[in-house]
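Enquirer: Sequence:
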Amino acid sequence: MVSSRRRSSMARSSTTVLAVASEQRSPAIPDVPTLAEAGVKDAVVESWYGVMAPAGTPPEVIRKLQDTVIDLAKDPSMIAHLAEQGAVPFAGTSADLAKLSGEETERWKRIIASADVQTN
1 MVSSRRRSSM ARSSTTVLAV ASEQRSPAIP DVPTLAEAGV KDAVVESWYG
51 VMAPAGTPPE VIRKLQDTVI DLAKDPSMIA HLAEQGAVPF AGTSADLAKL
101 SGEETERWKR IIASADVQTN
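Per UniProt numbering, the very first residue in the sequence shown carries number 1; after that it's consecutive.
Keep in mind that the hints were calculated from the coordinates and are not lab data.
There may be inaccurate statements among the hints.
Only pairs whose alpha carbons sit at most 27 Å apart, straight line, appear in this in silico DSS-like list of lysine-lysine [to be verified]:
id: 1; residue 1: Lys-99; residue 2: Lys-109
id: 2; residue 1: Lys-41; residue 2: Lys-64
id: 3; residue 1: Lys-99; residue 2: Lys-41
id: 4; residue 1: Lys-64; residue 2: Lys-74
id: 5; residue 1: Lys-109; residue 2: Lys-41
id: 6; residue 1: Lys-99; residue 2: Lys-74
From a predicted model like this one, the values you see are computed outputs, not experimental measurements.
With the hints as constraints, model all of the structure from the sequences given.
Expert: Okay, structure coming up:
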């Protein structure tokens, strides 16, 4: 994520941003290509956040929480606030979050296994 202050600092410095690791170019720095555009394949690494509740939470509470988060993600002032940080909201359902979480878990298990990462 790149704040407006950081963008200004980047513009004044000798630092060159080569690429972003997201699937699409960042709206905060649209002239910077993605790693894929720069020739690095399969290198998408995006941060994401989810709101979760304890197991056994009543479905009506889950729905209310989900609807509230979706409304926030669609709110123009929230979108603008996140854009200043280089973030793009995604208004997904709890099923979308469960799917994403599962896919990311499996993806990083494969990456860790292929890199032969050892823990002590």
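Enquirer: A separate judgement is required for each hint: does it hold in the structure or not?
Expert: Against the structure, the hints come out as follows:
At roughly 15 Å between alpha-carbon atoms, Lys-99 and Lys-109 fall within 27 Å of each other, so this suggested pair holds. A threshold of 27 Å between alpha carbons decides the hint, and for Lys-41 with Lys-64 the separation of about 39 Å lies outside it, so the pair is violated. Taking the CA atoms of Lys-99 and Lys-41, the gap is near 23 Å; set against the 27 Å cutoff, the hint holds. As the CA atoms of Lys-64 and Lys-74 are separated by approximately 15 Å, the hinted pair is consistent with the 27 Å bound.
Restraint check for Lys-109 and Lys-41: the C-alpha separation of about 19 Å stays at or below 27 Å, so the hint holds. Among the hinted pairs, Lys-99 with Lys-74 is consistent with the structure: their alpha-carbon atoms are about 21 Å apart, no more than 27 Å.
When held up to the earlier numbered hints, the structure conflicts with hint 2 and nothing else.
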